[in-house]
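Trainee: Listed below, chain by chain, are the residues.
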Amino acid sequence: MQDKSSFNLDGDYYSSKFAEQRKGEGDTLILNLGPQHPSTHGVLRVMVELDGEYVRRAEPVLGYIHRMHEKMGEVKTYVQYLPNMGRVDYLHALAWNWAYVGAVERLMGIEVPPRAEYIRVITCELNRICSHLLWWGAYVLDLGGFTPILYAFDDRENIMDILQMVTGSRLTYCYYRFGGVSSDITSEFIAQTRAFVDRFRKRIPMYHDLVTGNMILRGRCEDIGVISLEMAKRYGATGPVLRGTGLPYDVRRAEPYSVYNQIDFDIPVSEAGDAMARYDVRLAELEQSLRIIEQALQQLPDGPYISADVPERIVPPKGEVYFAVEGARGKIGVYLISDGSDKPYRIKLRAPGYSNLHVFAELAQGTILADAISILGSLDLVIPEIDR
Amino acid sequence: MTQILQYLVMPLVHIVVALAAILTFIALNGLILVYVERKVAGFIQRRPGPYEVGPQGLLQPLADALKLMAKQLVMPRGADSILFWAAPLLSFTPVAICLMPIPFGPNLTGWNVNLGILLVLAFSGLNVLALCLAGWSSNNKYSLLGAARAVAQSVAYEIPLLLSVLCIAFTTGSLNFADVTASQSHGLFSWNIFVQPLAFLIFFIAALAETNRAPFDLPEAESELTAGFHTEYSGMGFGLFFLAEYSYMIVVSAVGSVLFLGGWNGPFLSGHWWMLGKIYALILVMMWFRWTYPRVRFDQLLNICWKWLIPLSLMNLLGTALIINLVR
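Residue numbers (the numbering used here), protein chains in the order written: chain D, 1 to 388; chain G, 1001 to 1328.
The shape of chain D in the complex, shown without the other chains (with noise of 0.2 Å):
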């Protein structure tokens, strides 16, 4: 009999649960990957069944970064909300601040002035490009790739200290308010960030002479983990997982909010829907980042930055709202609904990475572990969104 105090031998209630289901004939192992694990990105927990190396069933358990935001939402005021919506999504931080923004704004019937809903989509993009430079990095990093990280943080490092000099903060933006955005952008920050647009266009081609056509890369990402697009649609899956299965959606044109439908942009698409095809629409949604920022610079107009109607004390009349934009990982929806008092009723978030994780049960099955790992970062998870 095994010593039951042993803690690697005891489980807590999901590694029972888990246990108790194995399924298929012959030993199989039963591992634990994570709360801590250097590959889950945070503190996502992954049980897996394994027989040898290949992977018979997985199965994400979430909740070790819940913070209540949606309960937050409840008894905070909509002014005192805004700082939680930075920290949802720490990697595309603008997109939930504009979500959020964005629901409020359409409830009250705010009118955000043009220059503001200009320097929104300039922020929100170089965000984006942000989060996605991590993404790429990570992911690299989780196949065995050192090196490509540093190169990416080298860039990520440029967006930050311009994102700075206007919001404040490097992370955790809480930059847009109800009405506009907290400060206006200075020729400064527009001077460095043409400056970026210039040098980053040129580093795109290294990347992909670095990494892309790796051979060892490729086998490693093509033919692994590939969402049908029906698939992706019982998920829910948004953002580069959907584009990469083919269909062109995108809630900045399927749905269209401030001014993107003024800007010209194409949607990445890939029709393999393996974990090449989700690499090959982030990098070309870098491309696309890039155009969108010179078109937006070249159109800003002058104005003011906020609307100067804003009451002071935000109370939107009675009624329910839904806003959503496109964030770095899909669709970001905000669903609130007011009571006519100043805090919000109920405030529901949904997180793409939320709807993403979710295929890779059915993905994981009989893959090798280390596809297992592959598609769990070809899937883009940001855990403390997830759990919110």
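Keep in mind that a hint or two might mislead.
To be verified - What follows is a list of derived Cβ distance ranges for each label pair:
| id | chain 1 | residue 1 | chain 2 | residue 2 | range |
| --- | --- | --- | --- | --- | --- |
| 1 | D | E271 | G | R1046 | 30 to 38 Å |
| 2 | G | A1070 | D | E74 | 47 to 55 Å |
| 3 | G | R1046 | D | L247 | 35 to 43 Å |
| 4 | G | S1270 | D | Y90 | 53 to 61 Å |
| 5 | D | Y90 | G | A1070 | 32 to 40 Å |
| 6 | G | P1267 | D | H208 | 42 to 50 Å |
| 7 | D | L247 | G | G1277 | 52 to 60 Å |
| 8 | G | A1021 | D | G63 | 55 to 63 Å |
Unchecked claim - Covered, in the sense of this in silico footprint (three residues per stretch, anywhere, with C-beta under 8 Å from a C-beta of chain D), are these stretches of chain G:
| id | stretch |
| --- | --- |
| 9 | 1032 to 1046 |
| 10 | 1283 to 1294 |
Note that these hints are calculated values from the structure, not bench results. Remember, predicted model here, so these are calculated numbers, not experimental data. Quick reminder that beta carbons are idealized off the backbone N, C-alpha and C, glycines included.
Chain D is fixed; fit chain G onto it per the hints.
Mentor: Relative to chain D, chain G alone:
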């Protein structure tokens, strides 16, 4: 009396001195290679690497070593204590014997034996046993998976390694490292890398896999298995595995330089400098690979071996044998 002195004591003294010298060489190289690896990584990744401790960070490896030695040795509950501590020792000790028959210079051979190549191959094979023991005795699932990978990988890659070395043994007609070196002393193009380029390529790839270096570092793939077979080791337990890895890099580079790059042969400088330079050149290539390539997958790794390296090395061996027969 003089006969005893001549045939028993003198060789013993010789071996002890050689062993001590080799152990010093290994320990010193461990420190140097840690520093070099970090500086090379820094150079490739466009960062300075260590530079805080000592001038240009030169004392960093010493600080690291001190830290490892000062750390508490932790053993997980339920682990097999004898095997658990035997594994790092077993991983490290064969290295000293592996370096014994290698001629580092015209008169710098630890122990000139006729079956030197066989000796090195036999003792370097012991490393996998150590990894296997470490994985098994740790009572940890990650370690076990890492050990299973290490065994499968080593068993597969030992074959092309042996076959490529055998080609050299065929052309030289000897298993003695000194003879192999002597056969390459007629200028640059007598080096075996030009005589047997395919064998060198296979040898180098197989050697990378044997030493568990990237892109074949699957037994310790940290994104999948946290740290693979040495997940549970702390302090000097880990330190010994670490030292063993670097020592095996020296061993395969030394064997590679003797077999393919002409050993200590070279103009102007004394032989041992050439040998050292060649060893370090090969090690630098290994480091360059590590910081450039992603890791291959397990089945891909075995596919490369069984479908490409073994047939190729067999063909190479047969071709070599045929040519030798025709020439004679």
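Trainee: When the hints from earlier in the document are held up against this structure, which numbers fail?
Mentor: Of the numbered hints given earlier, the structure breaks none, since each of them holds.
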